[in-house]
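Number of protein chains: 4
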Amino acid sequence: MDKHLYDQPITPRTESEKQAVVNRLKRIEGQVRGIQKMVEEDRYCIDVLVQISAINAALKKVGFTVAERHMHHCVSHAVKSGDGDDAITELLEVMKHFSKS
Amino acid sequence: MDKHLYDQPITPRTESEKQAVVNRLKRIEGQVRGIQKMVEEDRYCIDVLVQISAINAALKKVGFTVAERHMHHCVSHAVKSGDGDDAITELLEVMKHFSKS
Amino acid sequence: MDKHLYDQPITPRTESEKQAVVNRLKRIEGQVRGIQKMVEEDRYCIDVLVQISAINAALKKVGFTVAERHMHHCVSHAVKSGDGDDAITELLEVMKHFSKS
Amino acid sequence: MDKHLYDQPITPRTESEKQAVVNRLKRIEGQVRGIQKMVEEDRYCIDVLVQISAINAALKKVGFTVAERHMHHCVSHAVKSGDGDDAITELLEVMKHFSKS
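Line by line, the protein sequences give chains A, B, C and D.
Residue 13 is where the first sequence starts when you use our numbering, and the numbers rise one by one after that.
Residue 13 is where the second sequence starts when you use our numbering, and the numbers rise one by one after that.
Residue 13 is where the third sequence starts when you use our numbering, and the numbers rise one by one after that.
Residue 13 is where the fourth sequence starts when you use our numbering, and the numbers rise one by one after that.
Treat the hints with caution; some may be incorrect.
No distinction is drawn between identical chains; accordingly, a pair holds when it is met within one copy or between any pair of copies.
[Claimed, not checked] Cross-link-like lysine-lysine pairs, in silico, DSS-like; alpha carbons within 27 angstroms at most:
1. Lys-30 <-> Lys-15
2. Lys-49 <-> Lys-108
3. Lys-38 <-> Lys-108
4. Lys-49 <-> Lys-15
Please keep in mind that the hints were generated in silico from the structure rather than gathered at the bench.
Could you put the whole structure together from the sequences, leaning on the hints where they help?
Structure follows, in structure tokens:
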């Protein structure tokens with residue numbers, strides 16, 4: 013946390029940006045609940061795995077949306093302010109974890 | 013769905029097995045809600061990405077647990093019953109999607 | 013090594029099976045050499061990254077081919093011989109690494 | 013190709029930078045040849061899969077090195093020159109492929 017370049021997005025997320033991400037996360041939350049139901053109903057393993065893959069793919073999409081906005085605003089701002097190197101190191105570290113997850 | 017080898021796990025999941033998976037999914041569901049809150053509070057992008065990576069990793073772990081049980085029960089049963097090839101093709105197809113997600 | 017269930021594939025690879033895999037690996041080897049040339053010629057980073065993604069995807073395909081044959085022969089044999097649990101644990105461990113790579 | 017922002021890295025790679033990447037790729041090339049030999053010698057499937065995972069991981073490391081340099085030079089330059097949005101879109105597209113590979 014303390015190693016982070018900024019505390020918040022350099023350009024605050026607008027209400028409609030927040031809403032778009034939250035809506036996608038609410039759908040993902042519903043999908044996670046759906047898998048709980050599938051397990052409780054003893055549904056076939058392959059069907060459960062297909063659903064887990066779908067959620068992971070949906071979460072990665074959200075992640076790339078967040079990363080893209082981060083680059084357009086925070087990283088770009090950092091580059092122009094002379095803090096580009098720190099912003100790039102910070103982003104790449106998280107992308108490495110992301111690509112393994 | 014109709015292309016699946018079985019309709020349900022060949023050995024029904026026990027109550028404690030179900031509970032263990034459902035508990036992990038409930039924790040993941042809570043984490044997804046946590047990210048919604050982070051977005052609403054306009055938390056820093058990198059923190060959001062770290063959380064998304066953590067959820068993906070947790071979901072993959074659940075997926076491997078499901079795949080492992082599936083192999084010990086359904087695939088093993090299929091192999092012994094002469095349906096091994098179908099079970100293996102079915103599993104590998106879903107693992108390919110899984111590994112890209 | 014010593015923790016492995018078998019020393020060799022339970023059904024030896026046929027010459028044509030070997031040739032098919034080796035041919036795909038030779039093509040991948042050529043692609044890796046191609047990237048070296050791109051770097052030496054100072055080609056654009058994005059083009060280099062596209063090529064690296066293509067090689068990774070090709071290697072994963074080879075990996076899934078190897079895993080599939082392994083399941084049809086070694087794992088199936090182990091299941092029928094009463095060593096199924098060891099074979100499944102062994103395979104899943106390597107699939108976990110594979111899915112992060 | 014024609015959709016790319018630049019034709020070459022905005023700061024040419026130095027000889028030592030080229031050498032470092034080429035050396036790592038030569039090692040990877042050797043590992044790919046090593047797998048060919050393993051297949052020809054009919055080595056155990058799991059050993060082959062372990063090696064494939066190792067190569068994938070090594071290639072991803074090279075990819076992240078290339079991406080990092082790209083951000084420090086090309087993307088940063090583009091941001092300062094007013095072409096940041098194109099550079100970011102271009103990079104994220106390739107990172108999405110990369111994360112699935």
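Taking the hints in turn, this is what the structure says about them:
| no. | hint | in the structure |
| --- | --- | --- |
| 1 | Lys-30 <-> Lys-15 | within (25 angstroms within a copy, 31 angstroms between copies) |
| 2 | Lys-49 <-> Lys-108 | between (33 angstroms within a copy, 24 angstroms between copies) |
| 3 | Lys-38 <-> Lys-108 | both (26 angstroms within a copy, 23 angstroms between copies) |
| 4 | Lys-49 <-> Lys-15 | between (40 angstroms within a copy, 22 angstroms between copies) |
Of the numbered hints listed earlier, not one is contradicted by the structure.
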